[in-house]
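Same order as they appear, the protein sequences are chains A and B.
Under our numbering, the residue at position 3 of the first sequence is numbered 3, and the numbers go up by one with no gaps.
Numbers given in our numbering equal positions in the second sequence, counted from 1, plus 359.
Just so you know, these hints were derived from the structure itself, not from any lab.
All values derive from a computational prediction rather than experimental measurement.
One should not assume that every hint holds.
With a cut-off of at most 25 Å between alpha-carbon atoms, the simulated DSS-like pairs for lysine-lysine come out as follows [what the hints assert, rightly or not]:
{"hint": "1", "chain 1": "B", "residue 1": "Lys570", "chain 2": "B", "residue 2": "Lys463"}
{"hint": "2", "chain 1": "A", "residue 1": "Lys105", "chain 2": "B", "residue 2": "Lys570"}
{"hint": "3", "chain 1": "A", "residue 1": "Lys268", "chain 2": "A", "residue 2": "Lys296"}
{"hint": "4", "chain 1": "A", "residue 1": "Lys87", "chain 2": "B", "residue 2": "Lys570"}
{"hint": "5", "chain 1": "B", "residue 1": "Lys463", "chain 2": "A", "residue 2": "Lys87"}
{"hint": "6", "chain 1": "B", "residue 1": "Lys570", "chain 2": "A", "residue 2": "Lys116"}
{"hint": "7", "chain 1": "A", "residue 1": "Lys114", "chain 2": "B", "residue 2": "Lys463"}
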Amino acid sequence: MSIEIDHVNKHFRDFVAVDNVSLTFRDGELTALLGPSGSGKTTLLRIIAGLEHPDTGRIRFHGEDTTNLHVSERGVGFVFQHYALFKHMTVFQNVAYGLTVRPRKTRPSKVEIKQKVMRLLELVQLDWTAHRYPHQLSGGQRQRIALARALAVEPKVLLLDEPFGALDAKVRAELRRWLRRLHDDIHVTSVFVTHDQEEALEVSDRVVVMNKGRVEQDGSPEDVYDHPANPFVYQFLGNVNLFHARVHDGIARIGDVQLPAPEFQGYKNEQGQAYVRPHEIEVFAQREHDDALHAKIELVSVVGPTVRLELRTDNSEELVHAELAKHRFRALGLAQGGDAWIRPTYSRVFLPDERVSNG
Amino acid sequence: MSLTNTSSSLSNSSIEKRWRRATEEPAWLRLSLILIALAFLGLFLVLPLIVVLYSAFSQGLSAWQAAVTEPDALAAIRLTLLVVIIVVPANMVFGVATAWAVAKFEFRGKSVLISLIDMPFAISPVVVGLIFVVMFGSQGWLGPWLYEHDLKILYAVPGIVIVIIFGTLPFIARELIPLMQQQGKEEEEASLTLGANGWKTFWYVTLPNIKWGLIYGVILCNARAMGEFGAVAVVSGRIRGETNTMPLHIEVLYNEYMFTAAFAVSSLLTGLALVTIAIKSAVKWNDERRQRIAAA
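Work the whole structure out from these sequences, hints included.
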């Protein structure tokens, strides 16, 4: 079931939560709505669910207008950040809830409900918790129960609001891989909201980056990470260094370093900002290239297999972050307080007035 | 827990200074706090209760029985129970509706509503009674209209019910507002997304979540409704056997030097309150036992 968001606007008093957003989620796709807090991603998700009503614009499920359909009739599965399990019900009753509250005519028999609930509990690998209460389960287990409960009503679309936001790092990482596999099995159109770029990139088929109620970029995880459409997306998706750059005839210059910038073919001597990711900076112990920039290593931090360096170049006030593999760092014999030469290998330049083409 | 800690470590406290938990007070302080609390409870709660019961039965069971089955006493008991049966459900509906509105919606005048709810506690019951006399009395605003339509409010059951509803208005709402605000609306939203309608969501999700707050509020409301004196004294007209509730009847007996009878009816009034508390404890105990069995 596809979801179509057609020019949706929503404001709370004078705060614009969703600003003229149009998007289409394709059938069976797992999409991440990624953005900082206050970017309108949760509001948009709640509008799709019918928990909020848009000021203007339409929501369509598979071409059918559902804008004014009550949330209880929309057939959506919604998973909340804080689980929202019914505290006074057992796990079994929680998962069965959507079936037991159906009117008598459409309600499955007790035996059918029991079979279905147990099957779902097996799917989330928690069939042994059927008679427990939510407070007896861990956060990760509760969220899996919440997911089973949402799936029990066979929703047309599954909406997840920061589903792993309240969990600790290890459980988060496990659960999101598990969610990916689950989605590969059941293939229900799913949208999940997150502010964690790693989560969005790892789990989803498609990433929609939002900021201040608008869609900044919409594409595959690889596309969004490798080719950010604008400075916001660049900065939001991972760390990035900013260098002053001059673009001239398809070439960007950072100091003496020349990098290709084909999207600026025909531009003459424009000043801009070059965005360079930490792993796109080569570090040398000697001046191996004439155009490398001299810098002092101010801080070395070893994070597992990689080493992060903070360097200060001679001609810039700002710190430069570089990242390299630990064995490479060892081989170079670099040390905190010592000299180094750095050289960007890839950059993306944005001109101050955002005269950018999406190259 | 802390008590067993002390006893086990007392033996080596003489050898070295014992380590003390950050929030743990010295033994003498704990002991005196506990003693003060117990002495206070004994003096102001248990002792009066014993006095009431002792005085009620001081002339034997038959005297007690005679006092509570005498026609005027029976009328007072019936009237009191009737008032409770009307007032408690009315305030339950009002309390749940108000708490729901305050906790789940944003609207203009919300803060005014919250402070208004407390007003019945702030105003003296006698003043409350007078307010309604001014409104419904024969010289009052609505008096002539009521007289024309042959409606009796003052010096009759409706008047008593109205002032008691007014006086007990805050109990249930006050109990539920913080509870519902703290619980938020996520569980209700979850229920709605699962296809339940508003009524089923209220019945299966909201109500169980506020159950204990509601029961506690009902007990307080019930106790106050039975015991309300000042406002009822003003609007009821104190007609013996007709508009006297139990507290008013007790006062009449007391003023007529019928102490044993007064205490007999008092013991019954106290007993009714104790029964509601016992019912609550039983329900709670049963509930916890069911959860324990389910968990095991």
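Going down the list of hints, with the structure as the test:
Of the pairs offered as hints, the one joining B/Lys570 and B/Lys463 holds, with about 17 Å between alpha carbons and a cut-off of 25 Å not exceeded. For the suggested pair A/Lys105 and B/Lys570, the alpha carbons sit about 30 Å apart, so the restraint of at most 25 Å is broken. Restraint check for A/Lys268 and A/Lys296: the C-alpha separation of about 33 Å exceeds 25 Å, so the hint is violated. With a CA separation close to 12 Å, the supplied pair A/Lys87 and B/Lys570 stays within the 25 Å bound.
At most 25 Å may separate the alpha-carbon atoms for a hinted pair to count; B/Lys463 and A/Lys87 meet this at roughly 19 Å. For a cut-off of 25 Å, the pair hint linking B/Lys570 to A/Lys116 is broken: about 30 Å separates their Cα positions. With a C-alpha separation of about 33 Å, the suggested pair A/Lys114 and B/Lys463 falls outside the 25 Å cut-off, and the hint is violated.
Checked against the numbered hints above, the structure violates hints 2, 3, 6, 7; every other hint is satisfied.
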